[in-house]
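Residue numbers (the working numbering), protein chains in the order written: chain P, 455 to 662; chain B, 60 to 351; chain F, 289 to 391; chain D, -16 to 139.
Since the hints were derived computationally from the structure, they do not count as laboratory data.
Cβ atoms here follow ideal geometry from the backbone N, Cα and C, with glycine treated the same way.
Some hints here could point you the wrong way.
Below, a list of computed lysine-lysine pairs in the BS3-like style, where the Cα atoms sit at most 25 Å apart [claimed, not checked]: (1) D/28 / B/115; (2) B/228 / B/239; (3) B/209 / F/380; (4) F/383 / D/22; (5) B/161 / B/115; (6) B/115 / D/82; (7) B/115 / P/570; (8) P/494 / B/115; (9) F/320 / P/500; (10) F/383 / F/300; (11) P/570 / F/320; (12) F/320 / D/22; (13) P/644 / P/570; (14) P/500 / B/201; (15) D/82 / F/320; (16) P/570 / B/228; (17) D/28 / F/380; (18) P/494 / B/237; (19) B/115 / D/128.
Okay, the calculated bits of chain B under chain P, using three or more residues with CB under 8 Å as the criterion [stated by the list, open to error]: (20) 145 to 151; (21) 250 to 261.
Each chain, written out:
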Amino acid sequence: MKKMFALFAAFPLILASVAHAGPADEVSPVARARAVEAMKRDFQAKGIAGEDRLVQDGLQAICNRTGNHPPEYMAKQIEADQLATVKFPADGKLMGDWKAGESLAQSGRGMTWSDKAGIPNGGNCYNCHQISPQELSYGTIGPTLKSFGKLRGNSPEIQKYVYSKISNAKAFNACSDMPRFGQSGALTEKQIKDLVALLLDPASPTNK
Amino acid sequence: MKQLPATLAIFALAFSSIASAQATKPAKAPKAAKPAAAAPAPAVAAKDETTAGIEKYREMLGDDNPAELYEARGEILWKQARGPKNVSLEQCDLGLGAGVIKGAYAQTPRYFADADRVMDIESRIVHCMMTLQGFSEADVRKRPFGSADKPSEMEDLVTYVVTQAKGAKIAPPTAHPKEKEAFELGQAMFHVRAGPYDFSCATCHGTDDKRIRLQDLPNLTKAADNRRAYPGWPAYRVSTSQVHTMQWRINDCFRQQRMPEPKYLSESVNAMITYMAVMATGAEYKGPALKR
Amino acid sequence: MADPMKIRASIKGDVTEIRVLMGHPMETGARKDAAGNTVPAHHIQTMTVEVGGKKVVDGQIGGSVSRNPVFGFKVKGAKAGDKVVVTWVDNKGEKRSDEAVIA
Amino acid sequence: MNNTRRTVLKGAGATATLSALIAAGALKPTDVFANEWNKAAFEAKDAAGALKGIGAGTTADSKDLLLTAPDIAENGAVVPVGVISNIPNTTSISILVEKNPSPLTSSFEFANGAVADVAVRLKLGQTSIVRAVAKADGKFYTAQKEVKVTVGGCGG
Chain P
455 MKKMFALFAA FPLILASVAH AGPADEVSPV ARARAVEAMK RDFQAKGIAG EDRLVQDGLQ
515 AICNRTGNHP PEYMAKQIEA DQLATVKFPA DGKLMGDWKA GESLAQSGRG MTWSDKAGIP
575 NGGNCYNCHQ ISPQELSYGT IGPTLKSFGK LRGNSPEIQK YVYSKISNAK AFNACSDMPR
635 FGQSGALTEK QIKDLVALLL DPASPTNK
Chain B
60 MKQLPATLAI FALAFSSIAS AQATKPAKAP KAAKPAAAAP APAVAAKDET TAGIEKYREM
120 LGDDNPAELY EARGEILWKQ ARGPKNVSLE QCDLGLGAGV IKGAYAQTPR YFADADRVMD
180 IESRIVHCMM TLQGFSEADV RKRPFGSADK PSEMEDLVTY VVTQAKGAKI APPTAHPKEK
240 EAFELGQAMF HVRAGPYDFS CATCHGTDDK RIRLQDLPNL TKAADNRRAY PGWPAYRVST
300 SQVHTMQWRI NDCFRQQRMP EPKYLSESVN AMITYMAVMA TGAEYKGPAL KR
Chain F
289 MADPMKIRAS IKGDVTEIRV LMGHPMETGA RKDAAGNTVP AHHIQTMTVE VGGKKVVDGQ
349 IGGSVSRNPV FGFKVKGAKA GDKVVVTWVD NKGEKRSDEA VIA
Chain D
-16 MNNTRRTVLK GAGATATLSA LIAAGALKPT DVFANEWNKA AFEAKDAAGA LKGIGAGTTA
44 DSKDLLLTAP DIAENGAVVP VGVISNIPNT TSISILVEKN PSPLTSSFEF ANGAVADVAV
104 RLKLGQTSIV RAVAKADGKF YTAQKEVKVT VGGCGG
């Protein structure tokens, strides 16, 4: 992350001058800085959600300042840096139990101030994605993942891609809306394996 | 007996369909979502069928809103002489002059010279409880958000006050520099990504035609969506069986963003409300909504 | 102490529509609170609707009726100005009775 | 804010108790006493037990019994259900949610001009058959509909 701060510091003029479409860009840098200051002043720690959560890391700072549209060379650098954070399982197995993955995908809990420490977090997947066709209540913020494995197979390359994507979505899209589930510690290695299986196991309902 | 206008039904419908994005689980958490033992329909058809079904559900909920129970309690609280000074809130200045309650909510948040800051309706009621009735700050901040079993006095009072603006057009003033400042602050905060999930308000409410699970997400960077969504709060939420105020709504959005808690009545929360209210200018306010 | 009911009674042609909103927790007795303790049953058991002094509906309900219950009934033969009285009694013996006039 | 709520409600005389109404002569006691709560039926743990509890051991499907409920509910805590019986001489309507731990939700008897037409809001613990039962001339008729209960919101 320090690396990215440095990167950002080197190009403030370029960033400020890049014009992008999108509502975030209506916000002036001064207003943005004031907003961050106001939040630091007006927000308080509650439960497991400490005030440290308002400290933006380098990626968040860049996405905020560029309205989620960093210049391409910077996006590439961010994506490479984020990909480097992905830790693959020591046993080399990337697919776990799709049934455990399905119940994880259903759960929307975890990491809020009303969640208790020490209880496993949910994957929040159905909040944004369609997966198993039996689940009618799914969100559309992310693309549909129905038939994901049926369409792409489950070769080692695909497994590696899906594992990496869930672990750190920013490795493939610098300012993606999707959380970095592995990098942030929201999901464990086993949980991510189970979600990989939900998408890629031929027995998973999404691939039926 | 106060009669609800028939239009409330239409209103509740429209707003529940756009603004009921997030909620805590119902107290009695249904295991739920074990749908369709029957053969799954093709994705597109299933979506249309589901969406249509949800719309039908909202329509069938109709216009009987338990928020009326809150309104009735709030009216008693408003008119009752209370607090160390033993006076009622009837002379509270909600922005249209002392003692004017009708329509006042629709013209908030606004700058109040006597407090030298921008206040939303709940902040202003609290201000009156302190200045008119003599309650201490600790008293009024003790328990702003109630539960289904024990609603808070603020939920009752806010429900009563906002209901008196039924039929008014949302029109918060924007001429004062501090009102402009609050709008800009709210707008900027809307886009700040932080926390373990890298979320901002805009993550869920910055794009057209998205939904979480089956709940439609208004794109709150657009005036049209604010005009539909903003008047949908305060609301009685059936999933929590209680009325939630706008202060709560903003608080819960940040909870869902995995952020620390924005302080009750703080400049930040009032700025978010100001942003949405100004964006919603021109919408008709039809009273507390009824939502999932 | 229970909230007063909201009762609306309006006549259209020959049919009077009565809508009742009650303030009640309607606990089933099976729900667990956040601490994992079972919340004791607390729900309305019986309710009556009277129009013009005559009982028109005699209802019994259980904990599966939603919190803050809403009921709708229809009655023929009533007239504007008739009094509608709704009464409920819950499993703890608490009672509440409120009235409205057909409009 | 302290303990103001209680005094407020008392002070405003917001409650009209049954006994007060009776004392004031507004009601005749015989008018307001409802039938005794049917404990056996309401506490039955399955639909068959509940039906037996209300005396409906045998039922027949009827097209004249109209049950309206949403196909899918956004939240199981409040599901609007309406039942209208066009069966002549209908004297009661009961409504069951078959998958609930106690399926019988409500039972209404009609008299003195009441139409066999009732609207209620029910809790559904999960996707379930909702069943209406009408009694007419001593016989029981039934109609049913499945209501799917979905997970809503962020679930957090």
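Outcome of the hint check:
1. D/28 / B/115: Violated - the C-alpha atoms of residue 115 of chain B and residue 28 of chain D are around 30 Å apart, more than 25 Å.
2. B/228 / B/239: Holds. Residue 228 of chain B to residue 239 of chain B sits at ~20 Å (cutoff 25 Å).
3. B/209 / F/380: 18 Å, holds
4. F/383 / D/22: 18 Å, holds
5. B/161 / B/115: 33 Å, violated
6. B/115 / D/82: 22 Å, holds
7. B/115 / P/570: Since the Cα atoms of residue 115 of chain B and residue 570 of chain P sit roughly 37 Å apart, the hinted pair is violated (cutoff 25 Å).
8. P/494 / B/115: At roughly 43 Å apart (the allowed maximum being 25 Å), residue 115 of chain B and residue 494 of chain P break the hint.
9. F/320 / P/500: Cα-Cα ~24 Å, so holds.
10. F/383 / F/300: 31 Å, violated
11. P/570 / F/320: 17 Å, holds
12. F/320 / D/22: Distance ~22 Å between residue 320 of chain F and residue 22 of chain D Cα, so the pair holds.
13. P/644 / P/570: 20 Å, holds
14. P/500 / B/201: Since the Cα atoms of residue 500 of chain P and residue 201 of chain B sit roughly 16 Å apart, the hinted pair holds (cutoff 25 Å).
15. D/82 / F/320: Holds, at roughly 19 Å.
16. P/570 / B/228: Distance ~42 Å between residue 570 of chain P and residue 228 of chain B Cα, so the pair is violated.
17. D/28 / F/380: Holds: residue 28 of chain D and residue 380 of chain F sit about 22 Å apart, inside 25 Å.
18. P/494 / B/237: 20 Å, holds
19. B/115 / D/128: 15 Å, holds
20. 145 to 151: Per the Cβ count (0), the hint is violated.
21. 250 to 261: With 11 residues close enough to chain P, the hint holds.
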